[in-house]
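All chains should be built: construct the whole structure from the sequences, respecting the hints.
In the order they appear, the protein sequences are chains A and B. Take 1 as the starting number for the first sequence in my numbering and just add one per residue. Take 1 as the starting number for the second sequence in my numbering and just add one per residue.
Take the hints with a grain of salt, since some may be wrong.
[To be verified] Lysine-lysine pairs mimicking BS3-like chemistry, simulated, CA-CA at most 27 Å apart:
1) A:65 to A:45
2) A:256 to B:99
3) B:84 to A:257
4) A:65 to A:25
5) B:84 to B:13
6) A:252 to B:99
7) B:99 to A:259
For the record, the hints were derived by calculation from the structure and aren't laboratory data. If you're wondering where the values come from, they're calculated on a predicted model, not measured in any experiment.
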Amino acid sequence: MAKEMAMLHDVSRCTGCRACMVACKQWKNLPAENTPFDGEYQSHKSLSSKTYNLVKMNERVEDGKFHWDMIKVQCMHCENPACMKGCPEDAISKTDSGAVVINQDKCVGCGYCAINCPFDVPKIDAETRKSTKCNLCVDRIENGMVPSCAQTCTASAINFGTKEEMSALAQERLTAVKASFPNAQLYGVDKNGVGGTHMTYILADKPAVYGLPDDPKTSDAMNLWKDIIRPLGKVAGVAAIVGCAGAYTLSKVIAKKHKEHKENGKGGDSHVD
Amino acid sequence: MLIDKKYVPRHEKSFIVCHWLNAFSFLMLFLTALPLYADTFRFLYDIFGAHTLQILHRVFAVVFIATPLIGMLIARKGFGTLAKEVLSFDKDDMVFMQKFPPELIGVHPSGMPKQTFYNGGEKMNISLQAIIWLLLVVSGLVIWFGNGLISKETLAWMIPLHSIAAGIGFAAAIGHIYLAASVNPDSMRGMQEGNIDARYASAHHGKWIDELIAKGEITREEVDKAIGINQEKPNKKIG
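Shown next, in the form of structure tokens:
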């Protein structure tokens, strides 16, 4: 069994060079996307079916001080993936290493994973009509390599290793980062509403600053839908058809008996009180 | 005045069109979504392509949403009657609901109180269909357009809600079709020609016939005559 792995992005070390974005596109053979210039360094507004990994470069002024909040966003590879729970075709699965992967052959592009993901990660490709997202370079990590983004990071901001190694590194780095950023905190390392994630962060500030939900959650709605409503719905549909067929048969039998009754001269009507 | 001295006018043409558009769009919506709901029907995706069915689902959704909205303009009388009848659910309707079940297997209960334009069961079905329509439309539109506009948690709950409404709607539709086609085949004419046999109307909607006579739209004599004609040639149906 493969070891449980994790990625750790230390935002305090990120220089926003975007080499990880390029490395991702290269390994995944994804085309470049033309993005408009909006007066800031931000390139793509959000993840897309052609961009699985994005460095956000949000400009913020607080108390007259300029902040540049940089963060690498991608699939969080949740312990309890809401996308997997929401997929009606069982096209999404989690590997032993913790990577959440989409089987393109099974995917029908319904978009339920996109609806359910608390991080708004999966994107349906307009041409292939399939759901797309980062798969933690599952092909690389299961052959002893590190994901292409982690491989290329020049500032050692992206780390990759076993879950235990990354947790230990996160705790160690947090102490150091707190000296410069008192609000610094870990994200996804410990259990949370999605059971913890395999993409983890050392954030220099509150999650909301980076556009991350404070309490991401795998909705109970999907458990209810998949485990109760779908099976019950099938039973109800079949029961309605069988019930009507049964009632129809019974009505014919009663009609036949009634006819025999009449022919025997006993008369009467098929009325009940 | 009876049509052909035998049939009581019941539904206007535009209302009939709305009924069948609603029925057809619901059926198509159900079929185009079925592979998402049950793996048994995955072959539909394989044959037609998932994307085609997903687009068709949205096309029929527009028909399903628009039908009653346009219907309220072009079939005012029919929809007015629907609303009036549902809001006047009374004691006789309750008695109908209690005595009705044997009818499902072709046994006609005695002592059934006279019913109005719609009987107690039909009133229940109309209310149920209206609630299901609203649930399907609201949850469906939220799933279609809501991503990014409303909270993820609310969005996620729309999927089970949409499925429950579709499931109940389907079961109710099967019951409705069975009752119309097998138990009361005479009622089918109402949604085809727009009129029903006077004999059937008197037996199943006595209070409505009384109303029509009171209003002077038909006369007691012509109804009696119509029923008399029918009695000379007995209906093969029991009861």
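For each hint, the structure was consulted:
| no. | hint | in the structure |
| --- | --- | --- |
| 1 | A:65 to A:45 | 24 Å, holds |
| 2 | A:256 to B:99 | 23 Å, holds |
| 3 | B:84 to A:257 | 41 Å, violated |
| 4 | A:65 to A:25 | 34 Å, violated |
| 5 | B:84 to B:13 | 20 Å, holds |
| 6 | A:252 to B:99 | 20 Å, holds |
| 7 | B:99 to A:259 | 23 Å, holds |
Of the hints listed earlier, those the structure fails to meet are numbers 3, 4, in rising order.
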